[in-house]
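Asks: Spelled out, the chains give:
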Amino acid sequence: RKEVEQDPGPFNVPEGATVAFNCTYSNSASQSFFWYRQDCRKEPKLLMSVYSSGNEDGRFTAQLNRASQYISLLIRDSKLSDSATYLCVVGPYNQGGKLIFGQGTELSVKP
Amino acid sequence: SAVISQKPSRDICQRGTSLTIQCQVDSQVTMMFWYRQQPGQSLTLIATANQGSEATYESGFVIDKFPISRPNLTFSTLTVSNMSPEDSSIYLCSVERARSGTKNIQYFGAGTRLSVL
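Here the protein sequences line up with chains B and X, keeping their order.
First residue of the first sequence? That's 16 in the working numbering, and the numbers climb one at a time after it.
First residue of the second sequence? That's 976 in the working numbering, and the numbers climb one at a time after it.
I should point out that these hints are in silico values taken from the structure, not numbers from a laboratory.
Quantities reported herein were computed from a predicted structural model and do not represent experimental measurements.
Backbone N, C-alpha and C fix where the C-beta goes; we use that ideal spot for every residue, glycine too.
Simulated crosslink set (DSSO-like; lysine-lysine; CA at most 27 Å straight-line):
{"hint": "1", "chain 1": "B", "residue 1": "K125", "chain 2": "B", "residue 2": "K57"}
{"hint": "2", "chain 1": "B", "residue 1": "K17", "chain 2": "B", "residue 2": "K113"}
{"hint": "3", "chain 1": "B", "residue 1": "K94", "chain 2": "B", "residue 2": "K125"}
{"hint": "4", "chain 1": "B", "residue 1": "K17", "chain 2": "B", "residue 2": "K57"}
{"hint": "5", "chain 1": "B", "residue 1": "K113", "chain 2": "X", "residue 2": "K1040"}
{"hint": "6", "chain 1": "X", "residue 1": "K1040", "chain 2": "B", "residue 2": "K17"}
{"hint": "7", "chain 1": "B", "residue 1": "K94", "chain 2": "B", "residue 2": "K57"}
{"hint": "8", "chain 1": "B", "residue 1": "K57", "chain 2": "X", "residue 2": "K1040"}
{"hint": "9", "chain 1": "B", "residue 1": "K113", "chain 2": "B", "residue 2": "K57"}
{"hint": "10", "chain 1": "B", "residue 1": "K60", "chain 2": "B", "residue 2": "K94"}
{"hint": "11", "chain 1": "X", "residue 1": "K982", "chain 2": "B", "residue 2": "K57"}
{"hint": "12", "chain 1": "B", "residue 1": "K60", "chain 2": "B", "residue 2": "K125"}
{"hint": "13", "chain 1": "B", "residue 1": "K60", "chain 2": "X", "residue 2": "K982"}
{"hint": "14", "chain 1": "B", "residue 1": "K60", "chain 2": "B", "residue 2": "K17"}
{"hint": "15", "chain 1": "B", "residue 1": "K113", "chain 2": "X", "residue 2": "K982"}
{"hint": "16", "chain 1": "X", "residue 1": "K982", "chain 2": "X", "residue 2": "K1040"}
Only part of the chain X face toward chain B is listed, based on derived beta-carbon distances under 8 Å:
{"hint": "17", "residue": "L1067"}
{"hint": "18", "residue": "I1080"}
{"hint": "19", "residue": "Q1081"}
{"hint": "20", "residue": "F1083"}
{"hint": "21", "residue": "G1084"}
{"hint": "22", "residue": "A1085"}
{"hint": "23", "residue": "G1086"}
Using the sequences and the accompanying hints, generate a full structural model.
Replies: In structure tokens:
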């Protein structure tokens, strides 16, 4: 079993749609959770950290369920520019250290 | 954020040769990381490089194949030794920075796209 597993993609959605990505992780002791975005042929960039209470950044909402070892990302009112691969990332330590990446979910937003 | 300069950005190499990738950061950082991203795959951590000590390698990666240097707090190199076509990947360095009110964040260089013939 992979340490971090994500929905298989690709997700093809029209502009304005709401799309949700799911992710599960195997290490119950994990301490840090993130969503990164990777555009084609570019490096990953942090989209948002994920907190236990859930957090929102504009059109993006992230949720964490520690009991189920589950992380989600909701994108509302999708834009063409949201097309990218979204990486679920888990860190074993509270501060610092290695990150474990999911395989990514590709999102394609169409006009 | 962090400004990370990684070079070369791409290279095409012959099997059996070695390539050294450089990573320069705009300010001092304690931890630098080297990742590999194989075609169509996600990122896998190769090793963590701390200044003044030997790099810590993840399972499946060894120093003889991927020697790492960390001579100071702003610079690191990764060498891919005795290359084979299976080493064709994107290699990325990253650094960790503290952000106010949140967990430390890793920022990535633009990557080195390596093709081995």
